[in-house]
Amino acid sequence: MSRLDEAFADGPAFVPYLALGDPDLESSLEYIRALDRGGADVIELGLPFSEPIAEGPTIQSAVVRSLSGGMTPTKFFDAVETLDVDAPLVCMTYYNLVYQFGDEEGPRPFVERAAEVGIEGFVVPDLPAEEAGPLREACDEFGLDLIFIVAPTTRGERLERIMERTSGYVYVQARLGVTGARADVSDQTGASLDRLSRWDIPKAVGFGISSGEQAREVVSAGADGIIVGSALVDIVAEGASAGSQTGSGDVAEGHENGDPPAVVADRLETLARELKEGAVAGATRAQSERT
Amino acid sequence: MSDAPSKFGEYGGQYVPEALMPAIEELDDAYQRYVVENEDGFVDEFRERLRDFGGRPTPLQRADRLSERYGTDVLLKREDLLHGGAHKLNNALGQVLLAKYMGKERIVAETGAGQHGTATAMAAAHLDMPCEIYMGERDINRQRPNVFRMRLNGAEVNPVSTGRGTLKEAISETMRDWATTVETTHYVIGSVVGPHPFPTMVREFQSVISEEARRQFDEQVGGLPDSVVACAGGGSNTMGAFAEFVSDDSVDLYAVEAGGSSLGVDEETGVAPNSASLSTGTEGVLHGARTKLLQDRDGQIVESHSVSSGLDYAGVGPELAYLVDEGRVTPVTVDDDAALEGFHRLSQTEGIIPALETAHAVAWLEDATPEQLGDSVVVCVSGRGDKDLESVVEETENREVPNAPDMDVFSGGMR
Numbered sequence: 049m050s051r052l053d054e055a056f057a058d059g060p061a062f063v064p065y066l067a068l069g070d071p072d073l074e075s076s077l078e079y080i081r082a083l084d085r086g087g088a089d090v091i092e093l094g095l096p097f098s099e100p101i102a103e104g105p106t107i108q109s110a111v112v113r114s115l116s117g118g119m120t121p122t123k124f125f126d127a128v129e130t131l132d133v134d135a136p137l138v139c140m141t142y143y144n145l146v147y148q149f150g151d152e153e154g155p156r157p158f159v160e161r162a163a164e165v166g167i168e169g170f171v172v173p174d175l176p177a178e179e180a181g182p183l184r185e186a187c188d189e190f191g192l193d194l195i196f197i198v199a200p201t202t203r204g205e206r207l208e209r210i211m212e213r214t215s216g217y218v219y220v221q222a223r224l225g226v227t228g229a230r231a232d233v234s235d236q237t238g239a240s241l242d243r244l245s246r247w248d249i250p251k252a253v254g255f256g257i258s259s260g261e262q263a264r265e266v267v268s269a270g271a272d273g274i275i276v277g278s279a280l281v282d283i284v285a286e287g288a289s290a291g292s293q294t295g296s297g298d299v300a301e302g303h304e305n306g307d308p309p310a311v312v313a314d315r316l317e318t319l320a321r322e323l324k325e326g327a328v329a330g331a332t333r334a335q336s337e338r339t
Numbered sequence: 017m018s019d020a021p022s023k024f025g026e027y028g029g030q031y032v033p034e035a036l037m038p039a040i041e042e043l044d045d046a047y048q049r050y051v052v053e054n055e056d057g058f059v060d061e062f063r064e065r066l067r068d069f070g071g072r073p074t075p076l077q078r079a080d081r082l083s084e085r086y087g088t089d090v091l092l093k094r095e096d097l098l099h100g101g102a103h104k105l106n107n108a109l110g111q112v113l114l115a116k117y118m119g120k121e122r123i124v125a126e127t128g129a130g131q132h133g134t135a136t137a138m139a140a141a142h143l144d145m146p147c148e149i150y151m152g153e154r155d156i157n158r159q160r161p162n163v164f165r166m167r168l169n170g171a172e173v174n175p176v177s178t179g180r181g182t183l184k185e186a187i188s189e190t191m192r193d194w195a196t197t198v199e200t201t202h203y204v205i206g207s208v209v210g211p212h213p214f215p216t217m218v219r220e221f222q223s224v225i226s227e228e229a230r231r232q233f234d235e236q237v238g239g240l241p242d243s244v245v246a247c248a249g250g251g252s253n254t255m256g257a258f259a260e261f262v263s264d265d266s267v268d269l270y271a272v273e274a275g276g277s278s279l280g281v282d283e284e285t286g287v288a289p290n291s292a293s294l295s296t297g298t299e300g301v302l303h304g305a306r307t308k309l310l311q312d313r314d315g316q317i318v319e320s321h322s323v324s325s326g327l328d329y330a331g332v333g334p335e336l337a338y339l340v341d342e343g344r345v346t347p348v349t350v351d352d353d354a355a356l357e358g359f360h361r362l363s364q365t366e367g368i369i370p371a372l373e374t375a376h377a378v379a380w381l382e383d384a385t386p387e388q389l390g391d392s393v394v395v396c397v398s399g400r401g402d403k404d405l406e407s408v409v410e411e412t413e414n415r416e417v418p419n420a421p422d423m424d425v426f427s428g429g430m431r
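Residue numbers (the working numbering), protein chains in the order written: chain A, 49 to 339; chain B, 17 to 431.
For the record, the hints were derived by calculation from the structure and aren't laboratory data. Ideal placement from N, C-alpha and C gives every residue a C-beta, glycine not left out. Don't take every hint at face value.
Across the chosen pairs, the derived CB separations fall in these ranges [as the list claims (entries may be wrong)]:
(1) A/204 <-> B/387: 51 to 61 Å
(2) A/239 <-> B/45: 23 to 33 Å
(3) B/282 <-> A/152: 20 to 30 Å
(4) B/406 <-> A/151: 44 to 54 Å
(5) B/367 <-> A/151: 53 to 63 Å
(6) A/209 <-> B/49: 21 to 31 Å
(7) A/189 <-> B/63: 44 to 54 Å
(8) A/209 <-> B/86: 35 to 45 Å
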């Protein structure tokens, strides 16, 4: 059992996402520690790529802020190495960065360095199972997990193939489209979870969860965990742009006049607690419905 | 799955979000049945519409004064005479028709220069399909006439403001739309890029260019040309012009890329002041395929540049990257200034105002050695230049292009 499986062992897991370096490295490290205090069971750290095709506007802007702040794969790993949190860490990025890292061709150097700095696994949204052979191999070599995404459109043989290859947990995409906070819970979630029920691996649902109430609903529909990105990134973005008048998407400048990082960190911790409590409440309800 | 291989050597593949994979498998299957096997007479209907709506075949025309200038037979494959004024309709019509056969209800597409957007908007209007086009804000400003044309054909035009607002961002944004609407929508990609089966399918739809050119050359001149020259951005007119000649070893194939203002990459600013991914790029993964890319050491995609927005892209079709590695296609470059000179030269000597993309292919004839061109060269005139007039006049004024006409006929100047 990997550290990621274990994270789901004691009740529903809360899996927050933040882009490292958003809006600057120092602040984002403080935010990650805040999520850890707030009850994160696994933390997904975004390593920003210039063409994030699976992301909605919120995370696209986070990527722009982080890249304009000078984030690179090397700085990412160096920062993770210094990060002292309880929750196991997953790196979420796009395949070209994985593939280009280091002198050797292929994904091995990236995985090796990730293992060195204490990363437990990867989510790579533009790498379907068909193309994942070399990364899966490197992950196996260094004992890391490779988490695959299952979409509402994933059925039949494709689903079987992906479920055979995913490890740590499976990322259940709650709805079609790109990442982004939503007010409702997709009715596709329950159907997706039903399709996955015969596999033992933990099922973490993401795409659109932003409140404790939604977390409760998703877990009571059978999820083993919830993944929350955009709702948390929104707090970072608001903190960074407070004090500047623009509030536009790509406010790389302006965060120096924003709210103090400690204030933003408190807000993140508060939402983290709400989400974690929501998830736990959902599990209690799911439990009582079953008995 | 179709029988078409998903890779060209190590290039190509399907690097897309899982949500899109079932749609791509469905497309692959539809491509095999309708396009390869002519199920339900798809190919017959496609050819008929290309003729009646598109105006095919386009002529292969001898360019007398260029032939004299270069001491070789220069033949122009006149894709500028295709309906819409560019080769783009071949692919757009094919894909919109295919979407209809597949039972899709809606079309989305990206566009750079606006040529693919206008072609898709025309095809969608012709075949009665709702259509939305994503276009970078910067390109919208550079290509206003094409934006009007798309709107006139009833398409929605969605500005994309991320990044530098050019083709790369428009493709990313169209993929995001498709990831949301995939069950009812077909993404009409505009070039031989993207995940399999797009590069193969778009090449197949565009190969009508070389199919005709090969036959026309044999009828008009006899035998095969010694060389074929086409501009290359994503590479759809390039692959279209080369496809039927690839197995003719005696025919040299030259892909002319935009050299922009310089061939280097500025790692500091993350900008490549060119779009020469075949000539200067390195292997990587972008927009669903492994191919040659303009990227920094870390793998971040850098911003490309060209005076021609249709060539302004950091990637290139994977099959073209493969053919370059194999030594079958020779990549060459032409910078912004030379391309503008080429634009004016073709306008003045042959009475054809070319697209700025095409102007790169025309301009390279100046640099080519007699050995490279041989006794006869086919140049693909991928599009006409009406859409570029505003930017050509402006760029020409800024750069003092030696062969440009004096535009001072307007009292009080241009503005």
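Cross-check of the supplied hints:
| no. | hint | verdict |
| --- | --- | --- |
| 1 | A/204 <-> B/387: 51 to 61 Å | holds, 56 Å |
| 2 | A/239 <-> B/45: 23 to 33 Å | holds, 24 Å |
| 3 | B/282 <-> A/152: 20 to 30 Å | holds, 27 Å |
| 4 | B/406 <-> A/151: 44 to 54 Å | holds, 47 Å |
| 5 | B/367 <-> A/151: 53 to 63 Å | holds, 54 Å |
| 6 | A/209 <-> B/49: 21 to 31 Å | holds, 23 Å |
| 7 | A/189 <-> B/63: 44 to 54 Å | holds, 52 Å |
| 8 | A/209 <-> B/86: 35 to 45 Å | violated, 55 Å |
Hint violations for this structure: number 8 only, all remaining hints satisfied.
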